[in-house]
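Could you use the hints to bring the two separately framed chains together as a complex?
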Amino acid sequence: MAADKNMKILVVDDFSTMRRIIKNLLRELGYNNVVEADDGNTALPILQKGGIQFLITDWNMPGMTGLELLKHVRADPNLKDLPTLMVTAEAKREQIMEAAQAGVNGYIVKPFTAATLREKIDKIFERVQAGGS
Amino acid sequence: MEREKGSGGADLDAYRRAAESLLQHVEQGDAEAAQGVIDDLTHLRETELFRELGMLTRDLHEAIKAFNYDDRLADITSQEIPDARERLNYVITMTEQAAHRTLTVIEGSAPLAQELAEEGERLGERWQAFRRRELDVEEFRVLSRELDDFLAKVQTNSRYISEQLNEALMAQDYQDLTGQIIRKVIALVEEVESNLVQLVRISGQRLEGEGEQQPAQSASQQAAEAERARRGDGPAMPGRNDDDVVSSQDEVDDLLSSLGF
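Protein chains in written order, with my numbering: chain A, 11 to 143; chain S, 9 to 269.
No wet-lab data here; the hints were simulated from the structure.
Treat the hints with care, since some could be wrong.
With a straight-line Cα cutoff of 30 Å, these simulated BS3-like cross-link-like pairs (lysine-lysine) come out [unchecked claim]: (1) A:K120 <-> S:K192; (2) A:K102 <-> A:K59; (3) A:K102 <-> S:K161; (4) A:K120 <-> A:K133; (5) A:K18 <-> A:K120; (6) A:K81 <-> A:K59.
Distance windows between CB atoms, simulated [to be verified]: (7) S:L81 <-> A:Q63: 25 to 33 Å; (8) A:R103 <-> S:H69: 36 to 44 Å; (9) A:R103 <-> S:G187: 27 to 35 Å; (10) A:A85 <-> S:A231: 22 to 30 Å; (11) S:V197 <-> A:R137: 42 to 50 Å; (12) A:N88 <-> S:Q180: 42 to 50 Å; (13) A:E38 <-> S:Q180: 34 to 42 Å; (14) S:R93 <-> A:T52: 19 to 27 Å.
Ideal Cβ positions, reconstructed from N, Cα and C, are used throughout, including at glycine.
Isolated chain S, as found in the complex (with noise of 0.2 Å):
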């Protein structure tokens, strides 16, 4: 921050005009004219030393109000991040596990079916075959057996398979719990945002006086971008209007096309 003891030519005036005042009553002897010139200089200096402290006191005010920002920033850091990290390997987590319940009821599920469907057309021809009187006695004692066993199958892969599907069912709590969670983050996101623009500002205020120095791109950013175009994005947000982003998958035909494709 700029002193204006530098700008201060007006009072140099002021001293030598003074000081040669108190000289010249000094030579001519008038000890009384010399005593008052020297508290003059002395008010001078008083005036002076309290622009000075009034400087120091808004800097420390200053500097207070900023380590107040740095002191929620620094439990935020310290604290909050780890844990939304946390609690974001937990959503990772907990929707992991939903979609392996969900497969595991499927891929039990799924041939118990087929099985029913297979059987039942089987079946169904030879059942056709007896209306049509093409079966003789033994034969349609067979088929007769096989119905049995097959109505039984019924009875037990469906319910199976229903119970499944309540599994499977169950399994989506998973949305709930992790919604829960990632809003929570939401909210530790956008504190740290409001924090940063007030930290911005302060520092922004600084600046001003020394020069507003943009500094460049650090080499630790470029290094994250970098990083961020070999790994990618990540899912595009849906309802964010981005012309970088294709929104479909006939988009991405399209644009495959266009190349030859």
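Chain A extracted, bound-state conformation (with noise of 0.2 Å):
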């Protein structure tokens, strides 16, 4: 079963340029609720108010970084179980390992493409409805 194609999703990325091509891409796939912010300091609060379903997060990014992000995300009682794909130019295995520790739910490696995405995503809500079931 495919996401909700109305769901909330929350795009963080510290460049403007790869938030609008998030964007976008989501739009072509059907998705149009669509938050954005620049990193995790601007993003927490947004969680914090909620309403977001899907979270979609950059790890470089100047204050909090996307994995600090993720791991606020996980020990908050009300947003731990809330998907993350991380969408980074990060490519080191170990960071990689340390983002599934963190509890990431997919790993997309900059420069991706829409059809890298689409899978994720699909992917991601395939594995929360199962495990939801």
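Now the structure itself:
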């Protein structure tokens, strides 16, 4: 079963161009409900306010990094199950493992394609639905 | 630097011998011989002075040589590095502008192309119905008006889209400009590197005499490394054979599935 096309997605990246690219790709995939933040510090209050159903975050950002944001999310009882996809240029094996240990649901290395993004989103929600049933 | 004065045991012996014979000559009342010994002593002293002077000159020479490199490095740190930082910031600005320019084109054109596709499909179906003689006169009149409108829209939209594609094409000029800037910065980095290598060589020579103690990693270096680990390394450079780094999304997927993902 595919993900809910109306779900609210938070895209976190310090580069506005990358946010725009992801937003456009999401729109092409049918997801129109997207909000943005430029690092972990601005993303966290948005998440805490509630209503976000999917988090897409970069790693390397000024202020709070994506990995730190992920750790905050997993430590928050209200957010701990939020599906999170990391989209980053960080490509070291130990980094990918670190993100996995912190509880990321998917990991995409930049540069990436629309097909990869769709595949990862679908896979994440397949697992979330399988796990939730 | 080690002074040869300490190893001058032979010199001290020479002084002692001279002093003893001077005393002897004075006691014997031999003024001429005493004078000769004093001359020898003066000569001994002068030789040592010249040796000292030679060493001082060499130190001074090396210091001046090192200072020359420092001078260039000072120039680099005070002028060229800030300049390079500015240039690289400019590269970020330019690439950002180009990306936005291109994205604006896409956001402006995609709905128009979509509109043509949808309208074309709908009118195509109506046209097939007409061919199957399923339309009455009034319906055909409506269809032919819609076809007129559609053909006009095809012209306007496709002209606009091709203009926009041109704009997207032009937006790519940033690559040339940023490439040139980055090349200049690379040249500067190479110069800094070779200067640093020379400085290390010079200070390495100095250190050798002083027991060659390699300083442990400084606190600031450690802090910088910790910060790098926290922040990440940024994009992996293509062409660098780094076993640490995955080179494709497939490798990421393999790694994660090996971890049970």
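Here is how each hint holds up against the structure:
no.	hint	verdict
1	A:K120 <-> S:K192	holds, 26 Å
2	A:K102 <-> A:K59	violated, 33 Å
3	A:K102 <-> S:K161	violated, 51 Å
4	A:K120 <-> A:K133	holds, 18 Å
5	A:K18 <-> A:K120	holds, 23 Å
6	A:K81 <-> A:K59	holds, 17 Å
7	S:L81 <-> A:Q63: 25 to 33 Å	violated, 54 Å
8	A:R103 <-> S:H69: 36 to 44 Å	violated, 51 Å
9	A:R103 <-> S:G187: 27 to 35 Å	holds, 30 Å
10	A:A85 <-> S:A231: 22 to 30 Å	holds, 25 Å
11	S:V197 <-> A:R137: 42 to 50 Å	holds, 45 Å
12	A:N88 <-> S:Q180: 42 to 50 Å	holds, 45 Å
13	A:E38 <-> S:Q180: 34 to 42 Å	violated, 21 Å
14	S:R93 <-> A:T52: 19 to 27 Å	holds, 25 Å
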